[in-house]
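Protein chains: 2
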Amino acid sequence: MIVQKYKDMLSGKSVIRQLAEFAAARGAEIGYENVFDYSLGNPSVPVPQEFTDTMINFLQTRSSNELHGYSPNPGITSVRQAIAASLEKRFGIPYRTEHIFMATGAAGALAHAFRLVTEPGDEILTFAPFFPEYHPYVDLTGAVLRVVPPETETFQINFQAFEEMIGPKTMAILVNTPNNPSGVVYSAATLERLAQTLTRKSEEYGHDIFLISDEPYREIVFDGVEAPCVSKFYDNSIMCYSFSKSLSLPGERIGYVAVNPACRDAEVLVNMCVQISRGLGHNCPPSIIQLAVAEVLDKTSDLSVYETNMNILYKELISLGFTCVKPGGTFYIFPKALEEDAKIFCQKALKYDLVLVPGDTFGAPGFFRMAYCIDTEKVERSLPALRKFVETEYPNR
Amino acid sequence: MIVQKYKDMLSGKSVIRQLAEFAAARGAEIGYENVFDYSLGNPSVPVPQEFTDTMINFLQTRSSNELHGYSPNPGITSVRQAIAASLEKRFGIPYRTEHIFMATGAAGALAHAFRLVTEPGDEILTFAPFFPEYHPYVDLTGAVLRVVPPETETFQINFQAFEEMIGPKTMAILVNTPNNPSGVVYSAATLERLAQTLTRKSEEYGHDIFLISDEPYREIVFDGVEAPCVSKFYDNSIMCYSFSKSLSLPGERIGYVAVNPACRDAEVLVNMCVQISRGLGHNCPPSIIQLAVAEVLDKTSDLSVYETNMNILYKELISLGFTCVKPGGTFYIFPKALEEDAKIFCQKALKYDLVLVPGDTFGAPGFFRMAYCIDTEKVERSLPALRKFVETEYPNR
Numbered sequence: 001m002i003v004q005k006y007k008d009m010l011s012g013k014s015v016i017r018q019l020a021e022f023a024a025a026r027g028a029e030i031g032y033e034n035v036f037d038y039s040l041g042n043p044s045v046p047v048p049q050e051f052t053d054t055m056i057n058f059l060q061t062r063s064s065n066e067l068h069g070y071s072p073n074p075g076i077t078s079v080r081q082a083i084a085a086s087l088e089k090r091f092g093i094p095y096r097t098e099h100i101f102m103a104t105g106a107a108g109a110l111a112h113a114f115r116l117v118t119e120p121g122d123e124i125l126t127f128a129p130f131f132p133e134y135h136p137y138v139d140l141t142g143a144v145l146r147v148v149p150p151e152t153e154t155f156q157i158n159f160q161a162f163e164e165m166i167g168p169k170t171m172a173i174l175v176n177t178p179n180n181p182s183g184v185v186y187s188a189a190t191l192e193r194l195a196q197t198l199t200r201k202s203e204e205y206g207h208d209i210f211l212i213s214d215e216p217y218r219e220i221v222f223d224g225v226e227a228p229c230v231s232k233f234y235d236n237s238i239m240c241y242s243f244s245k246s247l248s249l250p251g252e253r254i255g256y257v258a259v260n261p262a263c264r265d266a267e268v269l270v271n272m273c274v275q276i277s278r279g280l281g282h283n284c285p286p287s288i289i290q291l292a293v294a295e296v297l298d299k300t301s302d303l304s305v306y307e308t309n310m311n312i313l314y315k316e317l318i319s320l321g322f323t324c325v326k327p328g329g330t331f332y333i334f335p336k337a338l339e340e341d342a343k344i345f346c347q348k349a350l351k352y353d354l355v356l357v358p359g360d361t362f363g364a365p366g367f368f369r370m371a372y373c374i375d376t377e378k379v380e381r382s383l384p385a386l387r388k389f390v391e392t393e394y395p396n397r
Numbered sequence: 001m002i003v004q005k006y007k008d009m010l011s012g013k014s015v016i017r018q019l020a021e022f023a024a025a026r027g028a029e030i031g032y033e034n035v036f037d038y039s040l041g042n043p044s045v046p047v048p049q050e051f052t053d054t055m056i057n058f059l060q061t062r063s064s065n066e067l068h069g070y071s072p073n074p075g076i077t078s079v080r081q082a083i084a085a086s087l088e089k090r091f092g093i094p095y096r097t098e099h100i101f102m103a104t105g106a107a108g109a110l111a112h113a114f115r116l117v118t119e120p121g122d123e124i125l126t127f128a129p130f131f132p133e134y135h136p137y138v139d140l141t142g143a144v145l146r147v148v149p150p151e152t153e154t155f156q157i158n159f160q161a162f163e164e165m166i167g168p169k170t171m172a173i174l175v176n177t178p179n180n181p182s183g184v185v186y187s188a189a190t191l192e193r194l195a196q197t198l199t200r201k202s203e204e205y206g207h208d209i210f211l212i213s214d215e216p217y218r219e220i221v222f223d224g225v226e227a228p229c230v231s232k233f234y235d236n237s238i239m240c241y242s243f244s245k246s247l248s249l250p251g252e253r254i255g256y257v258a259v260n261p262a263c264r265d266a267e268v269l270v271n272m273c274v275q276i277s278r279g280l281g282h283n284c285p286p287s288i289i290q291l292a293v294a295e296v297l298d299k300t301s302d303l304s305v306y307e308t309n310m311n312i313l314y315k316e317l318i319s320l321g322f323t324c325v326k327p328g329g330t331f332y333i334f335p336k337a338l339e340e341d342a343k344i345f346c347q348k349a350l351k352y353d354l355v356l357v358p359g360d361t362f363g364a365p366g367f368f369r370m371a372y373c374i375d376t377e378k379v380e381r382s383l384p385a386l387r388k389f390v391e392t393e394y395p396n397r
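Going down the list, the sequences are from chains R and C.
Residue numbers for the first sequence follow the numbering used here, so the first one is 1 and each next one is one higher.
Residue numbers for the second sequence follow the numbering used here, so the first one is 1 and each next one is one higher.
Do not rely on the hints blindly, as some may be mistaken.
For lysine to aspartate or glutamate, the following EDC-like pairs were computed, each having C-alpha atoms within a straight-line distance of at most 20 angstroms [stated by the list, open to error]: (1) R:378 - R:341; (2) C:13 - R:267; (3) R:7 - C:98; (4) C:7 - R:122.
Here are some, though not all, of the chain R residues that point toward chain C, as calculated from beta-carbon distances under 7 angstroms [stated by the list, open to error]: (5) 69; (6) 73; (7) 119; (8) 279; (9) 281; (10) 287; (11) 350; (12) 390.
None of these hints come from the bench; they were simulated from the model.
Please read all numbers here as calculations on a predicted model, not as lab measurements.
Using N, Cα and C, we set each Cβ at its ideal position, and we do this for glycine too.
Using the sequences and the accompanying hints, generate a full structural model.
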């Protein structure tokens with residue numbers, strides 16, 4: 001019989017997707033260039049030319065089996081080695097080939113990480129505001145995701161609420177910095193305090209608590225901002241990375257799990273990923289993409305447009321009277337709405353062809369997200385609409 | 001804490017992989033060209049040139065976002081449409097876009113199919129000889145795989161044993177034709193009788209029993225053999241396909257789930273695949289590979305070498321006195337060993353640098369598998385070794 005659990009999920013439609021559908025429908029009416037669609041986090045800049053050139057060169061010169069043959073289960077060895085070397089050089093952590101497991105983007109990496117350290121019924125804690133897909137990602141493993149309420153002044157960690165929620169069933173903590181949706185980067189002080197708390201709680205509960213770090217936005221960090229590497233602060237840490245945003249190839253599904261060499265049983269964990277993968281459908285990243293990415297590991301797309309857009313939007317939002325934490329990275333900004341219910345606020349914005357996403361979805365009611373991975377020219381054209389929206393709907397703000 | 005279930009799996013090493021490792025080690029000693037490695041089912045012929053040309057053309061002419069952007073969750077619409085049209089044309093079943101879900105190879109497709117129709121504790125039945133990875137694929141969903149013993153005269157279905165094993169907890173039947181490891185193609189009579197049994201048992205138990213068909217070898221069918229389409233025989237059927245073997249690109253992880261349009265709630269099942277995918281790590285096949293494969297749907301690699309190899313081996317095996325069902329397709333042959341314990345038989349063969357896989361692994365003790373996806377020249381060079389092995393070890397056969 002058809003499994004009810006998945007059938008039931010069909011009725012719950014994502015708010016973000018509904019808004020994106022509105023934007024597409026409205027675009028069909030008035031031209032998509034006239035819809036200020038800030039709903040979706042799709043990279044807007046092209047892949048580096050070196051990536052394309054590498055792909056073409058491989059296809060012209062390498063053998064079919066070398067390019068398209070089965071990848072070893074944990075990923076192509078030379079690719080894992082290159083990633084380990086690049087991470088060591090950059091972060092000073094002695095990663096080796098055997099600490100790297102290739103996965104289909106950060107989502108694929110997380111699917112393995114959760115299963116490494118939680119059994120059904122165990123708890124994973126994350127911090128609002130958070131990426132709402134974490135719910136199905138975790139729930140469908142049988143573990144339970146619990147969300148620590150936000151610290152809305154800075155969008156760092158609300159440690160008081162965290163200490164109240166962590167308990168003996170907490171097996172892992174999931175962090176996402178630079179953060180979707182806030183754009184905030186966790187400071188060294190935040191990560192230090194988090195690590196101390198986890199060390200203390202691991203002792204108190206008599207079991208390891210793992211720190212799982214979702215890092216798809218690691219390369220999108222703005223001028224003057226320091227983005228500390230999460231794994232440097234805590235031994236039992238598992239890095240989940242994706243090349244989707246840094247190289248603008250989200251459709252190619254490539255990323256990795258990097259288990260901290262200082263983690264207990266680090267190499268065992270990587271081998272366990274291979275076993276987990278058998279149950280998930282051997283979803284190794286595509287061979288040719290693994291090989292090509294390894295050639296451009298230290299390159300990124302031209303990510304500067306995101307910072308340009310952020311600065312334009314931040315300045316305008318502040319001048320319009322919004323309260324807003326200045327993003328340190330990503331392509332998101334997360335201001336406070338001008339009325340209590342951000343859902344109503346975002347609904348009103350649609351009249352001005354502004355597509356904004358209410359923060360409720362991200363565990364932070366009263367705020368809204370703008371994904372500014374769009375052309376700068378369009379960001380600039382959206383400013384009069386934003387001003388008109390605010391001045392018309394909130395004249396006495 | 002580290003999850004014991006996956007840690008325990010690390011000690012159970014696959015027999016096939018151990019043999020492949022032996023072959024690699026022996027190859028380092030005497031030259032791999034001198035090891036007659038029949039252990040691994042890796043395609044040995046190149047991708048069609050049209051595929052490579054399409055990839056290069058796309059990379060040279062299409063935009064980065066078009067090639068590498070996010071794929072919609074069920075797969076790129078135009079690709080699903082092209083696959084549906086191709087299936088309809090070929091098999092006369094009215095597939096439409098909404099019946100196709102793109103998956104990472106047959107393993108990825110099966111990971112979705114199992115979860116569509118079984119809950120933990122439910123049973124899936126399959127028929128020996130069978131692909132041993134079905135065990136972790138099914139076990140890790142929480143369902144239970146039960147294996148019906150083989151009908152060793154023909155390697156069609158042992159219906160008597162099947163009728164004894166099917167029961168009210170059986171929610172799905174898993175078939176693989178053309179079959180790994182036997183090379184046998186299920187006849188229309190076999191599939192007809194299977195469908196009748198399932199219809200009768202569905203009524204008896206008061207719930208649908210789904211027929212899941214794993215078809216990676218569909219395009220490798222030999223001259224004069226008819227390979228009936230499983231889905232034509234039974235409405236509640238789910239086809240799991242991979243392009244790994246037909247296009248020789250196993251590393252690129254591309255295949256699909258095709259739900260029979262006549263299946264109850266067919267379109268709901270495809271939408272449920274999208275939900276399942278959220279729990280498995282959004283392992284959509286890579287965008288560029290989806291687009292390129294859609295351009296060569298009705299092409300295959302030059303698969304004729306497999307038939308050439310089969311004919312050479314079959315003739316030699318028969319002349320050496322082996323009992324052997326002649327394969328109708330795939331790149332496997334599955335003769336009876338010359339002593340009762342095929343593990344000992346295969347162990348002895350290693351002395352002659354012949355790497356054969358005992359049938360115990362495939363649920364058919366006493367038989368052994370040869371994967372002849374290797375150069376014909378090497379098959380020919382292996383014949384004297386095979387003859388020497390048989391004449392030396394089994395002089396009185």
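Hints and how they fare:
Of the pairs offered as hints, the one joining residue 378 of chain R and residue 341 of chain R is violated, with about 27 angstroms between alpha carbons and a cut-off of 20 angstroms exceeded. With a CA separation close to 17 angstroms, the supplied pair residue 13 of chain C and residue 267 of chain R stays within the 20 angstroms bound. Restraint check for residue 7 of chain R and residue 98 of chain C: the C-alpha separation of about 16 angstroms stays at or below 20 angstroms, so the hint holds. Among the hinted pairs, residue 7 of chain C with residue 122 of chain R is consistent with the structure: their alpha-carbon atoms are about 18 angstroms apart, no more than 20 angstroms.
With 7 angstroms as the threshold, the beta carbon of residue 69 of chain R comes within range of chain C, its nearest partner Cβ sitting at about 5 angstroms, so the hint holds. At about 9 angstroms, the closest approach between the beta carbon of residue 73 of chain R and any beta carbon in chain C exceeds 7 angstroms, and the interface hint on this residue is violated. A distance limit of 7 angstroms between C-beta atoms decides the matter here; for residue 119 of chain R the minimum to chain C is near 6 angstroms, and the interface restraint holds. Restraint check, residue 279 of chain R versus chain C: the minimum CB separation of about 3 angstroms is within 7 angstroms; hint holds.
Taking 7 angstroms as the C-beta cut-off, the interface hint given for residue 281 of chain R holds, the closest approach to chain C being about 3 angstroms. At a threshold of 7 angstroms, the smallest CB-CB gap from residue 287 of chain R to chain C is about 3 angstroms, leaving the interface hint in force. Taking 7 angstroms as the C-beta cut-off, the interface hint given for residue 350 of chain R is violated, the closest approach to chain C being about 23 angstroms. A hinted interface residue such as residue 390 of chain R counts as satisfied when its beta carbon comes closer than 7 angstroms to some beta carbon of chain C; here the least separation is about 31 angstroms, so the hint is violated.
Violated hints, listed in ascending order, are 1, 6, 11, 12; each of the other numbered hints is respected by the structure.
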